[in-house]
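So the chains spell out like this:
Protein chains: 4
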Amino acid sequence: MSKGTVVLAYSGGLDTSCILVWLKEQGYDVIAYLANIGQEEDFEAARLKAEKLGAKKVFIEDLRAEFVEEFIWPSVQANAIYEDRYLLGTSVARPCIARRQVQIAQQEGAQYVSHGATGKGNDQVRFELSCYALFPEVKIISPWRIPEFFNRFRGRKDLMDYAKDHDIPVPVTPKAPWSMDANLMHISFESGILENPKTHAPADLYMMTKDPQASPNIPDVLEIEFLKGVPIKVTNVKEGKSKDTPLEIFCYLNEIGGKHGVGRIDIVENRFIGMKSRGIYETPGGTILYQAHLDIETFTMDKEVRRIKQGLGITFSELLYNGFWYSPECVFVRDCIAKSQESVEGKVQMSVFKGQVYMLGRESPKSLYNEELVSMDVQGDYDPCDASGFIKINAVRSEL
Amino acid sequence: MSKGTVVLAYSGGLDTSCILVWLKEQGYDVIAYLANIGQEEDFEAARLKAEKLGAKKVFIEDLRAEFVEEFIWPSVQANAIYEDRYLLGTSVARPCIARRQVQIAQQEGAQYVSHGATGKGNDQVRFELSCYALFPEVKIISPWRIPEFFNRFRGRKDLMDYAKDHDIPVPVTPKAPWSMDANLMHISFESGILENPKTHAPADLYMMTKDPQASPNIPDVLEIEFLKGVPIKVTNVKEGKSKDTPLEIFCYLNEIGGKHGVGRIDIVENRFIGMKSRGIYETPGGTILYQAHLDIETFTMDKEVRRIKQGLGITFSELLYNGFWYSPECVFVRDCIAKSQESVEGKVQMSVFKGQVYMLGRESPKSLYNEELVSMDVQGDYDPCDASGFIKINAVRSEL
Amino acid sequence: MSKGTVVLAYSGGLDTSCILVWLKEQGYDVIAYLANIGQEEDFEAARLKAEKLGAKKVFIEDLRAEFVEEFIWPSVQANAIYEDRYLLGTSVARPCIARRQVQIAQQEGAQYVSHGATGKGNDQVRFELSCYALFPEVKIISPWRIPEFFNRFRGRKDLMDYAKDHDIPVPVTPKAPWSMDANLMHISFESGILENPKTHAPADLYMMTKDPQASPNIPDVLEIEFLKGVPIKVTNVKEGKSKDTPLEIFCYLNEIGGKHGVGRIDIVENRFIGMKSRGIYETPGGTILYQAHLDIETFTMDKEVRRIKQGLGITFSELLYNGFWYSPECVFVRDCIAKSQESVEGKVQMSVFKGQVYMLGRESPKSLYNEELVSMDVQGDYDPCDASGFIKINAVRSEL
Amino acid sequence: MSKGTVVLAYSGGLDTSCILVWLKEQGYDVIAYLANIGQEEDFEAARLKAEKLGAKKVFIEDLRAEFVEEFIWPSVQANAIYEDRYLLGTSVARPCIARRQVQIAQQEGAQYVSHGATGKGNDQVRFELSCYALFPEVKIISPWRIPEFFNRFRGRKDLMDYAKDHDIPVPVTPKAPWSMDANLMHISFESGILENPKTHAPADLYMMTKDPQASPNIPDVLEIEFLKGVPIKVTNVKEGKSKDTPLEIFCYLNEIGGKHGVGRIDIVENRFIGMKSRGIYETPGGTILYQAHLDIETFTMDKEVRRIKQGLGITFSELLYNGFWYSPECVFVRDCIAKSQESVEGKVQMSVFKGQVYMLGRESPKSLYNEELVSMDVQGDYDPCDASGFIKINAVRSEL
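Protein chains in written order, with the UniProt record's numbering: chain A, 1 to 400; chain B, 1 to 400; chain C, 1 to 400; chain D, 1 to 400.
It should be emphasised that the hints constitute simulated quantities derived from the structure, not laboratory data. Computed from a predicted structure; not experimentally measured. You may find that some hints are simply not true.
Copies of the same chain are indistinguishable here, so a pair counts whether it falls within one copy or spans any two.
Computed list of lysine-lysine pairs in DSBU-like fashion (alpha-carbon distance at most 35 Å, straight line) [stated by the list, open to error]: (1) K175 with K228; (2) K56 with K243; (3) K259 with K3; (4) K198 with K228; (5) K139 with K57; (6) K366 with K139.
Put together the whole structure using the sequences plus the hints.
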């Protein structure tokens, strides 16, 4: 008799294929769930493989549009960045994937969900906090934290052996000496030879972005139009080409950013569970949008609102990194940030070239920039004598 | 009879030359003070000019070393950045210049100081708050906020006419259609044609940095060594060249950054006095250091100390931008930040290329990075089962 | 010919009576405006006096209900408190008074507003920032900052002499040796003998609250019901009496708080303009509400939402104190705080006795308190073993 | 053969007596450790009891002086308060107790420590994070999280039965229907009938403080003198009595506070592990000190330093509550706060009466209060016209 049904977040790779079979061995019925969030993947092959491995059902879900609109866009509004550098491309995908996984579990009457995230990483936290928040009664099977599993599979070789023993097709190309996670927003690289923080990343590691040394010698010039803090249109100024749906906009920014080698970083970051890890990321479109949104936001938002919102954005980034997307505080912070974006609209022009994004200019019907007020050439409605009093009063304390 | 003695922050340019003469006209004795903080200038010519214009004394002070050590270094420790983008190159120079100006005033028995900063900008605030803090009884003459002055000199033409009438040498090269402020850390551009935030900056505006389109096609690779959060050595890895005094280190980073077009930004920012302004900045060495310090800091500082210190760094940046360097709160924040830097030491390697800085690797005797703990290949002193409890407890709230 | 029309915030007292006449002397038409925000005052006598002094029109406006609903209630939601102690009773009245003043100015076609606030205090800032925000073109006449005025009236005696010369009725009761500001929310006392921060306040200074030494020996027990973070009903449990409109609720809390001597504080605070001042405040009803709201909020709001909201509340308090009620950032913060209050509902019971408020119990349909989960006697849906993992993971960093 | 040696935090009560015997049963040698942090206890009787139960050694340590000086004093400097109400009396004792426990373990060569804290509370976290930080290799035995233990002892009756079976003396007085934790700083009450948040606490629950209805009808007047933010002397002004060592000062404040019923609160709070709990606390001396320190701090500390320090104090309070006393971030924050206290010195006078503390006055050689500057009667070195410019500039943004 079955112990129950598990919805497994299945990638088609070696690990989750073994987990699928192992879960069956443990007595569960397994539903394989594979989210398309923009990674390169032969989804139909993955479906066939899962069926072959004994999945009761297979769900392959195209979440790309909702990933952009409901997860990336709020992060853009927040200027989300973790520890001043990381644009959170992995973090933001997890609540999107987990939401659908939980929906499938509820719809299929499964009491269990499972995933292949490791026991040392952030992703386990992000997946599971999302699942618990959306489906509090759910039971989570996390094989990499179950001694029977992790003691049995102590390395890639154990997985390969198990695969061979259980008719699981094994990868024919040799594994890169690092691990990788890809989605529409970014590709991350970690582990393996990258674990030594001093080791330089090999030049052939990158996949979404051209090496800036090999990228075009002529910039592309983009204009991005924002409404309520999210992009509604991108135009390649020279080519006259434009995109205006969220998914197309984001894909196009990835294309242009990737072509010019934009968005590569190599960092050490602090995981939620307390250890430092080294990661390399490519986030081409996200990097362009981060810069563009910063620009239009500062142009249209009151200075002091910006200060407060900057703090909320940092809080949001930490919550997102730590996996709290569906927590009450993250919902609250997103609501506040959305409120702050009501007048963030207008167009920014930028050039994209050799790994860098250069702002060129901006315009907005909601701008708080007052050209006359700030002008050095005209006085405008401003009395310079006021500044004397302003300074004197600000000096009161330091004279005490 | 003299109304008293004024120490004038004198640049050698048209404005402060006119102010020098005008102050004399008003009945003051004028001491001209010109700080060398790394700007391109013929200081001897400026001395002769000031003497010729009737300055009672002329002080030309080389402040470059103290500018780097006492002002730029604390800003590097703070990861100081204003509104997420501006590295504060102008802001950080002001308290350095003002400090010496006040010292001269006190030493020469002058009751007055004066400067040529405009009535709409941040620099008036920065200069004057510094002066009031260090010399509370000082009287400040700020001509661009005195109606008799600013009504008389309504534009450059009025200054030119005055100069001609008073034998003040006038610039022979036509003025650029923007204004500029240069020091060791950066050059800023604003006003004139740049006041329209949509107007793209002309390619020939930049002075410290090469156009990335024309910069070398081969990166330079640098290694910067830090101790207590400040650089103590920079090495050009390929050339084997190195520098190890603060001033030399900073100049060399400017050289390399400038050569590769690093550190150009075009932003709209919020001035302390409430208006938005558009500024273009080149900060080659400062940009490299900002990236390098972020890297070594995250590598060696505890995660939660980093979070708290990040907040203090934002506060410091705002205080610095607003001119409060010598305020009690800025002194306090600098003390706290310095405390946080005690273990920030080690080396970071990076490549500098086409406007961008790429981290390559880092090492430190004080690293909190634990390769075994984080490794995917070995378990280390870590029980993955602990993560289950960690996640469950973190989910308690969202299940309520 | 008239220089124009001024709407003067008129209190009926000596200062603003002299200002009224002085403004007329200067050539203005004066509209006297007296806001009833709950202070003890013979409003009809004030009207007659203003008319007699030559006011072109007199507006006496009962703002009590809107003061409670639109200004005090949002402050209650925010747990507004300045520098950990001051409940902001004066601060919160200013934007209420100024709003109506500006409305009258606009409706009557007056280009000017005027007030009697001093040049060293916070109220001038609060009034004027409110006026500028709501009516940017307004011109403000602030006599205590006009040399012709403040040099002429160097003390109370000068005002008395002027009053006698101009047929202005002078107060018959001798002035207390301090100044006072009263409204529905509080009475503040400062200046005069209170300027020495060591001097103890005389026992007869207080007006809204009984001396706790003379207050009843039996507590009153209140139950306050909240909805969306504001009180909708107060019941005197023993007497069975209840109130359920905002104004009545607040007045009743003042009555009970005052009877028991609740809400007296004697503090030194930091004014916006940088100096420290000593103030004594009585805020009976506000103190009860502050305690009651803290209680119901913590009972019904998620822990982490509360943390973020606590920070917003501190920001709000500073903005309110500094006079920025109508600023973009204060509007934003109020919106965020209001959002946080959606589930803040329920009832709190408390006893009020001898200057103190004691919480007794609380209940709520929206409580996040889970009696089973927290119980020491039943395990509930909680596995204590999870705490082990939680602690171990939290210890990862300190073991590094 | 022994499994090793455990240092057990032993209270002398039923729970830890049973744990002592149970640990022996499990094969451990047990060292009983009882910290005297000011709780009422017959320590010699406890020693005899532990010996009789088979403890290998018994350590009874008087930690009262270090508890005050090294734990309470930094909390006073921080104005430590959790969620705006709780003065952290339990939290602050834990790192003090754990530190000595770990020292004993290290000195006695014990690899284990154990405690009787429950699996749902904060104290387990506080104890264990402290232990792991100070002795990273330590193994912690937490019986209330071990299924064999907690499944065996499902309630008080099971413990009583076990005690009878194992010759453990059982309490003769019936247990109060709540649990209690006492130390020099406070007594806390929770659980049992208090778990219903609506239930009013019975009048006879309180132990450190008189019922304000029965407390003296005449106030005591105290003067507390501070140096570097900590009290160095307390004087009863009427009686002329004074104390000047940390322990005596704190005990005396407890005595006076207790006599007048000061420091009772009844709250719902958010535990670190995410659930809400209801607690009742009496903190007589701590409440007086909190008020007194707030007063002298605001009197002597720059306004903006105070703002920043207020934020650090909130962070410190959360860290303290959550058990992170020995974490890198808490050490950092304490260092910063200590830095802020360098000029916090002077004397505050207050009256203590019927549950309340009333500030009466304050004086300090380091005061930043400038009586002339703030005076309404003299102008001092202040030009009211400066305020006009200050206000106008502050209004720039809201006019945009």
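Structure-based check of all given hints:
Taking the closest pair of Cα atoms, K175 and K228 never come within 35 Å of each other, the shortest separation being 43 Å inside a single copy and 41 Å across copies. In this homomeric assembly, K56 and K243 never come within 35 Å of each other (Cα to Cα): the closest approach is 40 Å inside a single copy and 63 Å across copies. With identical chains, the CA atoms of K259 and K3 are never at most 35 Å apart, being 50 Å at best within one copy and 64 Å at best between copies. Within a single copy, K198 and K228 get their C-alpha atoms only as close as 42 Å, which misses the 35 Å cut-off; across copies the closest is 20 Å, which meets it.
In the homo-oligomer, the alpha carbons of K139 and K57 lie at most 35 Å apart inside one protomer (19 Å), although the nearest pairing across protomers, at 46 Å, exceeds that limit. Proximity of K366 to K139 under the C-alpha cut-off of 35 Å is restricted to the inter-copy arrangement: shortest distance 27 Å between copies versus 49 Å within a copy.
Hints 1, 2 and 3 from the earlier list are contradicted by this structure; the remaining hints agree with it.
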